[in-house]
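Protein chains in written order, with the working numbering: chain A, 1 to 187; chain B, 1 to 422; chain C, 1 to 379.
In case anyone wonders, no lab produced these hints; they're calculated from the structure. From the three backbone atoms N, C-alpha and C, an ideal C-beta is built for every residue, glycine too. Mixed in with the good hints, there may be bad ones.
In silico DSS-like cross-links for lysine-lysine, where the CA-CA straight-line distance does not exceed 27 Å [to be verified]:
(1) K353(C) with K55(A)
(2) K260(C) with K55(A)
(3) K7(C) with K22(B)
(4) K12(C) with K22(B)
(5) K12(C) with K388(B)
(6) K188(C) with K246(B)
(7) K275(C) with K55(A)
(8) K60(C) with K246(B)
(9) K8(C) with K271(B)
(10) K271(B) with K7(C)
(11) K12(C) with K278(B)
(12) K386(B) with K22(B)
(13) K420(B) with K260(C)
(14) K51(C) with K207(C)
(15) K310(C) with K352(B)
(16) K340(C) with K55(A)
(17) K420(B) with K172(C)
(18) K246(B) with K190(C)
(19) K310(C) with K154(A)
(20) K154(A) with K352(B)
Which chain C residues face chain A? A few, computed with CB under 7 Å, are given here [as the list claims (entries may be wrong)]:
(21) P224
(22) M244
(23) M248
(24) L255
(25) E256
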Amino acid sequence: MKKIILSIFILHFFIVSALLGQEKKDEVINIFEQPILITSAGQSAEVQIASVLAKRAGLSAALSKAAFANELKGIRTLVIVLGVSLKGLGAAGLDISQETNRVQILVDDAQRKNIPILCLHLGGETRRGQLTDDLINTFLPFSKMAIVVESGNKDGLFTSICKENHIPLIVVERAVDALQPLKKAFK
Amino acid sequence: MSEVLIVIFMVFVFALLAMVLKLPIGVSLAFSAVAGAIAGGEGIALRHLVEGSFGYFDTILIIVSAMIFMRVLLVTGTLDTITAILLKTFYKRKFSLLLTVMVLIMFPGMITGSSTTAVLTTGALVAPVLMKMGLPKVKTAAFIAMGGILGMIAPPVNILVMIMGGGVDMPYVGLTLPLLIIVIPLAIIISLWIGYRDIKIIDYTQMQLILPKSYTKKYGFALFLPLFTVFILMLGESLSIPLMPKLGIPAIFLLGSLVGLFCGRPFNFFKVTQEAAKEAMPILSILVGVGMFIQIMTLTGGRGWLVMSFLSLPPVFLYLGIAMSMPLFGAVSAFGSASILGVPFILALINKNAIITSSALSAIAGLGDLMPPTALAGIFAAQVVKEKNYFKVLRYCLIPALFELSMGIIILLLAPILDKFI
Amino acid sequence: MSFITIKKETIKGSILFLSIILISFFSGKQFLQMHKKDIIIQGPGISSKVKLSVYFPLLKGTPGDTDVYVFKGKEEGGNLLILGGTHPNEPAGFLTAIILIENIHVDKGKVFIIPQANHSGFTHNDPHEGNPQRFPIQTPEGIRWFRYGSRLTNPVHQWPDPVLYVNPSGQKLSGAESRNLNRCYPGKAKGNLTERIAFGITNLIKKEQIDLAIDLHEAAPEYPVINAIVFHENSAELAALVYMELQMEGFEFRLEASPKNLRGLSHREWGDTTKVKAILLESANASHGRLKGKPSVALIIDGKDKNYVKASRIGRLFVPFDEKGIPLKVRVGRHVAAIKAFLSNLQEVELGKGIDITNFPSAREIIEHGTGIYLEPPK
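Next up, chain A with everything else stripped away, as it sits in the complex:
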């Protein structure tokens, strides 16, 4: 009996390690360069959190919530923080179609200039919904990597888009846990 329990335990250990190894495969190191431009898609306030995270990670980052293409000058990585907030859009004096256009132009320009894009979704479950989902579907496919908070990926939307487009996806439990993967992702 003891042997059985022991072997189950060992087997369990291997399975867990294998799964953890699987997770580690997704870890992406040193693929982005600095300086960084952080902008929002949807004007949710998580863009502020991204900025604080970048600061904590010791990265050279500029925050421009409603950045335009001309701000990409000298930038080596574009970070897009996904999430629609009506209050935020109001704060920026934008509506959702203007916001989508702005980000589209920015993304197109980044592509032209070979500036890689890193997408973040830090607001979790509460920052999903039709408007945000539209932005995710539109812009996530352009990114080179994505970091998302787990509760925002409950329905697997990020997983499926990333899989389809071969984008490494890092899922963290809380926004604050994005600090380490963010740090590692930059040279």
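Starting from the structure of chain A, add chains B and C where the hints point.
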């Protein structure tokens, strides 16, 4: 008793009292509210009954003061004089008569956001003209009622949108164009629909025959002073001109009425106020009754159940739900409908431009002023033309109301396209 | 014949008149109950209690004058203002302020707490909402009752409403909003009562050189800005730090920037007209939502409502809502946790502006054992 059963019970008691025992509507509503409170285990709930009735305190004051003002215009001779002027100007121009009259009716609604104000002021002024030009009295009332509602929706002041905007943090900015897109076609279509067939072009002699007495020669410009007082003070309220006093609508009407004492035919002010109060009493009692009814319905959970039922309609029926529930809930008041249902509906349509959706929803909620038992626009329009049964008026409002409803729904559906142009 | 008619009318009239007198008497007695003040017990840490009229004398003797509880630390530091009861139908804000008043000691910096920012709003209820006038809180040694008021100033104190309200910042609003304190900032010295209250509060912020001001609110679960920290752009970094700290402690919040085009609100006007870092906190209160079922004391305290459970299931809400509801203790706990997180991060963004408070209530304990454990026993 569950909340659904209480609602059904309250409606049953109301129907029994109003239809079988023929008690006045207001009294029936009040008693059915008491019955609902008892059935809901709240006892007589005196505090709630009184609190509910006070929900319409301001509306009641507006109505009483507007009725006094209207009577003053009648007894001073202003009403006849204005009828005479309008008749002389428009007796051979059907199209421009209808459109001018429509704009005139709408005007007080546009600056106060209230259909009652429109119906009871310029509505009352133009009613005799329309009737003298051949429009039957119930159709005239329907014309005025619809004009009042369109005035309430038209810019610059649309309280319904403000209430909905307040619930979703949308500032009242940029609404003029979307509201005009809704109101202008409706104003043209509705005035022609109701009036074009019946209004007759007459010749000068025929006009002379129906021309009421004009008092301008006797009293001169002073005759119009009560009207000017009211309009200027109202404009001051809505445009918020600095130094203009903010008196509130009831005080404005009372001031206008007092000015009337010195301009035109002399009259006994107390007698006029008494008559006006007496005339207003049935609708005032209905408002008090509805106030009690809705408070008890909320208290017993019925309101929540009703709102949830509308909101939980499957998405395909969402527009149908909006089209049905918002005018229906207007039985409480159009403003109540905007606040209780309008806000959740804007949120349900959140992926569309809120400025457009709230404008469209305001057009639909505005129709609540035609919904019995309050039916403010319908009841006062009937009173203006001296028609006792306001349901006859509502019958002629049905098609125009359907125009307005369809317009609202079309704008909601087209919101993504309109968004690009606005 | 005519004699009989007159007599009949007289009898009818007398009965009507008498019933009006009776109804007015009995209901009036109940309405006057709302003017009975809530008992807020001064905790041991209080340095002084002043009136808001100290900061704006025109408020003196008006129903808008309200108590300001002042806590002064021995050491110089930052200055904090906490506002509860801006909307008296949002009890979590009011109760959080009371709990702080009855417990905290300030060692460094200064803390000002106004538990009933719109005092007039506590003296009446909103018609057609059917809310209870008071709600009980169980303390270890008995029950304390608090008023559940209205979102707006009492019309008895400020009337009539204008047709259209243009607030001191020029925003057009529906007339009733002229009685909504959180639409009247930065206030107006010669304005209506509510604008004068707002003016008094803005004056306090300026005069006391407040560094951080937190306005405590609640919102209906169907409102998009909920369980939220709303921040003025001058406090964006602070808000983001707080958000992360709260997350580490297991509290999920939504971070929302204050819209620039929505004027008259505390988080916008305080930040624009003074140097303060302006913050507004929202928790989810089913008892003032449009979809609420039967209004009751239980709905206020336990926050359970089957309509909201249903609404959540069909995706109409902006906050998770299940059969367990969102009780008042959780809402107060969230406010307390957020205030604490703001205090611990203030020093980081504003050197030398730290505020040290001892005896700060524990959010976890409030959530677990109820708000009563931090309230003094009833007098």
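- Index of numbered hints that the structure contradicts, given in increasing order: none
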